[in-house]
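Protein chains: 2
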Amino acid sequence: MDTRLGFIGLGIMGAPMAWRLMDARYTLAVHSRTKSKASRLIARGARFLDTPAAVAAESNVVFICVTDTRDVEAVVRGDDGIAASARRGLIVVDHSTISPTVTRQLADELAKQGAHFIDAPVSGGDVGARNGTLSIMAGGDPTAFEKVEPILRILGNTITYCGPSGTGQLTKLVNQILVSVTNLAVCEALTFAKQNGLNLEKTIAALSAGAAGSWQLANLGPRMIAGDFRPGFTISLQQKDLKLILQSACESNISLPAASLAHQLFTAAQAAGHGKDGTQALFTVVEKLASLH
Amino acid sequence: MDTRLGFIGLGIMGAPMAWRLMDARYTLAVHSRTKSKASRLIARGARFLDTPAAVAAESNVVFICVTDTRDVEAVVRGDDGIAASARRGLIVVDHSTISPTVTRQLADELAKQGAHFIDAPVSGGDVGARNGTLSIMAGGDPTAFEKVEPILRILGNTITYCGPSGTGQLTKLVNQILVSVTNLAVCEALTFAKQNGLNLEKTIAALSAGAAGSWQLANLGPRMIAGDFRPGFTISLQQKDLKLILQSACESNISLPAASLAHQLFTAAQAAGHGKDGTQALFTVVEKLASLH
Chain A
0 MDTRLGFIGL GIMGAPMAWR LMDARYTLAV HSRTKSKASR LIARGARFLD
50 TPAAVAAESN VVFICVTDTR DVEAVVRGDD GIAASARRGL IVVDHSTISP
100 TVTRQLADEL AKQGAHFIDA PVSGGDVGAR NGTLSIMAGG DPTAFEKVEP
150 ILRILGNTIT YCGPSGTGQL TKLVNQILVS VTNLAVCEAL TFAKQNGLNL
200 EKTIAALSAG AAGSWQLANL GPRMIAGDFR PGFTISLQQK DLKLILQSAC
250 ESNISLPAAS LAHQLFTAAQ AAGHGKDGTQ ALFTVVEKLA SLH
Chain B
0 MDTRLGFIGL GIMGAPMAWR LMDARYTLAV HSRTKSKASR LIARGARFLD
50 TPAAVAAESN VVFICVTDTR DVEAVVRGDD GIAASARRGL IVVDHSTISP
100 TVTRQLADEL AKQGAHFIDA PVSGGDVGAR NGTLSIMAGG DPTAFEKVEP
150 ILRILGNTIT YCGPSGTGQL TKLVNQILVS VTNLAVCEAL TFAKQNGLNL
200 EKTIAALSAG AAGSWQLANL GPRMIAGDFR PGFTISLQQK DLKLILQSAC
250 ESNISLPAAS LAHQLFTAAQ AAGHGKDGTQ ALFTVVEKLA SLH
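Protein chains in written order, with numbering that gives the first Met the number 0: chain A, 0 to 292; chain B, 0 to 292.
Just to be clear, a hint being listed does not mean it is correct.
Since the list can't tell identical chains apart, any single copy or any two copies may satisfy a pair.
[As the list claims (entries may be wrong)] In silico lysine-lysine, DSS-like type, Cα no more than 27 Å apart, as pairs:
1. LYS36 <-> LYS275
2. LYS201 <-> LYS239
3. LYS242 <-> LYS287
4. LYS34 <-> LYS287
5. LYS34 <-> LYS239
6. LYS193 <-> LYS275
7. LYS201 <-> LYS242
8. LYS34 <-> LYS201
9. LYS242 <-> LYS193
10. LYS34 <-> LYS193
11. LYS201 <-> LYS146
12. LYS146 <-> LYS111
13. LYS239 <-> LYS193
These are computed hints drawn from the structure, not numbers from a lab.
Based on the sequences and whatever the hints tell you, model everything.
Below, the structure is given as structure tokens:
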């Protein structure tokens, strides 16, 4: 097909993803609440349009990459939203991490207009977005997914079709349970080690290759030790995702005591001013709690 | 030196470790509370002696591999214990996972007789013991450690000298905090996934290579899904180690909320009859808790 792409949301993730699509010689219509975020893409030939509806009207496939559930709702359902110009065959791919429940509602609504809504949240951070090494977890109509899969392979190197609408979001939330509780494991372990006077570099080296090993230990452990809290992924965003997890779990009567504990300790980290720091700054809270005496 | 080795404690870990020392052509004096556990080693030429004191009297280096703090205390301090025949130059290497505090006491006591006590707990399970691929975390006198290090390399492939007496045990406890809380992360993540109807094999495959990845996810996750609770490491032993962690943390006024939570949930697993199952059986408790409705 003559594939015309749209991209809505040009933040820290969206901008480099749109850039990669232009690398692959796609023509792009773009929209962002803050037009200045589109300037590099515009300079390269992308057309800036004033509304999501206008982007959808000109595109076969529209990508969304915004922050929260209500942002996606505004882009799709709002005045001049995608739904205002959606038509048979349009495929909307949402790379935001949002509510699985709202995702299913949006997919149902667009389906009435003959359009498809694919949830496709990503992990891998801005580095992964720049390098095309994101993991993408997709849910929705399988035929629509197959149509966009070749484009997703420009953006990521691990593309998983998870099942019906919402399962991409649910899989991303599973990822975030693992990430946040494993992070907490590393914080407590290094706190215990530090309070007992162990050499922390040596401890991480001794334990990383065995049953205690994790991405979080190998990647965030050294930054915790060094007090390097520059964000790969911020605590505020981690909290946004933990809220989605606990809200989704609550809707299904699922008890998640460890994820809840992580959420509470991240709240303390936000209260201490670490919201814009990387998730490894959770270490400061666990360490303080462990040594209030 | 003409190195005569002794080995005390011939259980699931000790027996294959002693076997490897015989593979390396060391002559071995052995002791075990249950003599039958020594039969294969005796058939191969090891000398069985009736007391730890007798083993120590005939050896330059004595290895201990028993279960708990009080077992090591009995082997060292008890009637006919190692201390009864310890002499200048004797090196005792304790592979058990026990209290760091008691470890330092035993090291101090033996030091008065001119003997060294090296704490050298291991991880890697019975498979690692058989294959010589254990991780060994050692603490104690550095000169004594250097003397035994070549022998430790027969038993393990990651040998870390952690520092003074007790630091080997502390490092092992750091390992066990990581292992138990990361295990809990996997249990909650897979419970959330299962309750939401996700394909669990696909979920693990999609997430293992990224920031959510861990040894626990890759190795225990598939067994949780399959309901395969055969032990690599039993819940009873994990609980023994979590008690050591929380006791040691309490002695130092260190608060460890996530490790405490893991301990409580493992207690529920023991109550449900899973004490002799592998630690992956924690999944059954987290899953039941999440779906009591």
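Review point. Which of the numbered hints above does this structure break?
Key: 4, 8, 10
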